[in-house]
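> Residue numbers (this note's numbering), protein chains in the order written: chain A, 1 to 452; chain B, 1 to 262.
Because the hints were derived from the structure by calculation, they are not lab data. Certain hints may be false.
Per the computed footprint, the stretches of chain A lying under chain B, defined by three or more beta-carbons under 8 Å from a beta-carbon of chain B, are [said to hold, decoys possible]:
(1) 174 to 186
(2) 294 to 307
(3) 362 to 369
By construction, the Cβ of each residue, glycine as well, lies at the ideal position given by its N, Cα and C atoms.
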Amino acid sequence: MAAFTRLFDLHGTRRDADGDGVIKPPAVPEGAGTRLWTALQLLAQLYGRALEGSTGRVPLEALLADLQASAQGMTQADLEFCAAFLAAEREVRYVDPSSLPALEERETRAPTPLVRFYKREQEVKLTENGRLVMRVLSLQRDWLLGDKDVERVVAAIDRGLFEEVPRICAEVIGELRALNEHLTEIEESPTFEAQRAAFERREPQYREMLRRSEEAARQAIGRFGDASTAERFAAWQAENPDHDLTLSDLLSHAENVLRAVESLSRHWLRFLRELQSRRRRPLGVVDFGALADALVDDAPETDFLRNLIASMGPWRRTHLFSPALLDTADLDERAPEQGAVEFDQTGTVAAEEFRTFLGRNGARIVERLRRGPLTLSVLLAEAQADEDAFELADGVGLADLFGVFTIPDEMGEDVAVRVGLSGARFRFLDGDRLLHGDDPVIQLCEEVSGDA
Amino acid sequence: MTPEEMGRVFAFLSKHKLASTDPVDRPRQPREREIADLLARDPVGLKEFDEFLAPQGMAIHEFEQAGLGLGPRGRVFVLARAADREDAHWVDDGWLWDGLVDGRRREPLTHTIVWTAQLWAIMNWFFYTREGRTVEAVSGFKDSRLSPTEFIGETKRRIEALRARGAPADGWAGKVRAILVVADATAIETRIRRFLMVMEQAGMIEPRRGTGEHIEKSSQGIREAIGYRQTLNAAVEMKLNLHRQAVGLPLIDGPAEAGGEG
Chain A
1 MAAFTRLFDL HGTRRDADGD GVIKPPAVPE GAGTRLWTAL QLLAQLYGRA
51 LEGSTGRVPL EALLADLQAS AQGMTQADLE FCAAFLAAER EVRYVDPSSL
101 PALEERETRA PTPLVRFYKR EQEVKLTENG RLVMRVLSLQ RDWLLGDKDV
151 ERVVAAIDRG LFEEVPRICA EVIGELRALN EHLTEIEESP TFEAQRAAFE
201 RREPQYREML RRSEEAARQA IGRFGDASTA ERFAAWQAEN PDHDLTLSDL
251 LSHAENVLRA VESLSRHWLR FLRELQSRRR RPLGVVDFGA LADALVDDAP
301 ETDFLRNLIA SMGPWRRTHL FSPALLDTAD LDERAPEQGA VEFDQTGTVA
351 AEEFRTFLGR NGARIVERLR RGPLTLSVLL AEAQADEDAF ELADGVGLAD
401 LFGVFTIPDE MGEDVAVRVG LSGARFRFLD GDRLLHGDDP VIQLCEEVSG
451 DA
Chain B
1 MTPEEMGRVF AFLSKHKLAS TDPVDRPRQP REREIADLLA RDPVGLKEFD
51 EFLAPQGMAI HEFEQAGLGL GPRGRVFVLA RAADREDAHW VDDGWLWDGL
101 VDGRRREPLT HTIVWTAQLW AIMNWFFYTR EGRTVEAVSG FKDSRLSPTE
151 FIGETKRRIE ALRARGAPAD GWAGKVRAIL VVADATAIET RIRRFLMVME
201 QAGMIEPRRG TGEHIEKSSQ GIREAIGYRQ TLNAAVEMKL NLHRQAVGLP
251 LIDGPAEAGG EG
């Protein structure tokens, strides 16, 4: 309701004729809030009765009894004033769309009364416009019924209202997007924590709404494969030769609805994870102006400042290696040959083997690296030349150790190893298995303590 | 995601820091579609990739573009440092200070750091405090605004106020004050332009793209006119990492009041 008042304010605003841009909105008198509340209650009561089937006149007295139960000091005179006001016609000016591009104004009064007021009998009755206002007000975004929106797409296809499909899809996508952004607003809100309980309580309903929305979107897409849809569409085309919509256009509209639903579902899952994980207290709105002053008056040490700036995002990837570090004379630069290797994609067995290998041989590798950086191919070649170079578990060959692993602790805390590309390729034959690829360079960094 | 695909994704993200399935208001980077599709198509692979990043002090963050109000569809993946982990060796910030040091390269690093910290705080005043935006509000990056002219004006005003505040404090605070107040108007302006240039190179700010036009290689003049906005990466890193630093920062020990001085 508050959102509407801006438009009505603007409608009734006076703007200075000399064009200096000063606008004079109507002043809000005292008691405005109470009057608005009373009027809305009056309309809501009448609307509620209408929903139950009774659209006739209602004595003010009956309405007053209900209102007095929830508000102190409400009198029949207050209610009568509201009813009489809402029943009066008021001038509304608007631009006649048929006059465009010229802006010709028209005026109307007829649709403005929201109730009919029968003064003598002290009775009121909701008008069609009053009913419409209440309907619009009740159309506030209701998350839990989002699936009903998506079902409209299926209904439009089933009833052959193909010209409506793009509009309905656009509306549904717009609504889903708004919900998606609304989730972000809640996530980023300082009162996020306070809203936790409400969301957790309704989680099953939200989940169900998303499930049904997805189902409805898939149904809509599925409809385009039906012969009956094709028939209806052909009939529709015959009746609407001016429309240039095709079935594939319509299908892509429906697919966009599904994408929007999927996006919302993913966001919802992340939102839930965030709700359920323990969160830090938010920093909220930080006064960076005062912080700038404090960085002088209560200045932290430069190391701290340096670390602070660097840790807020302006990092870059270093160029880890320079091939100049290496004697590359013996690097194998032949073009790769065709070959196939099957990696264990699950990685669990291989990771265990690699861990064992590092445990047994980590110290030897570090020892070898102390003599200078070397490429993986050199390391492997040395291992092949000397059977005792590495200690391998039974049945494990060097080729078994290839894979992607992240087990940083195995190297020990006082050693850091860098790995980068040399720009060369390697070929490695282990029994009947040939591996080839980019030849990484391994280098021992300066030994560091703890924070490596 | 196979190890080979993981390698490709890592190579891309460690360079560009971000990949979107449907980039908004900017041209697509070479291979970006392939990388974003790899990340988008397989939630298990995404989780494995995150585990791969963890020991390197990195994490991948995923956003729905519709959720950020960036466009009707698409997902964006952001590589950011994880607040509670040590950085990998391939992460470098040394270049930053090389870029920020004064043009004649005669000033000690301390001066560069003190100045950069001031400018960083003032920049964030424009991005957060002035807008009443919380540090947690990542999506606010798209509406953030930093005008070079205003930035210069605000900095000069602050330095002037610092000068007017009277007798210099003793010790380290006195030294910091001296480093700042010695700069004249021209020096401040030059320093800010350099700061903005380096922040743009670092992917912390970008020219504003309010009207959807591409600004790829715009001139300095255009940047002046349209101003900058914070990048998504910068907003994510602020949210994740300011907490880690907050312990040692004056004033940031909990939610502060909105507003502040103008």
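> Quick check: do three or more residues in the stretch 174 to 186 of chain A have a beta carbon closer than 8 Å to a beta carbon of chain B?
holds (count 7)
> Please check whether the stretch 362 to 369 of chain A has three or more residues whose CB lies within less than 8 Å of a CB on chain B.
That given contact is violated, which follows from only 0 residues of the stretch 362 to 369 of chain A lying within Cβ reach (below 8 Å) of chain B.
> Count the residues of the stretch 294 to 307 of chain A whose Cβ falls closer than 8 Å to any Cβ of chain B, and tell me whether that reaches three.
holds (count 13)
Checked against the numbered hints above, the structure violates only hint 3.
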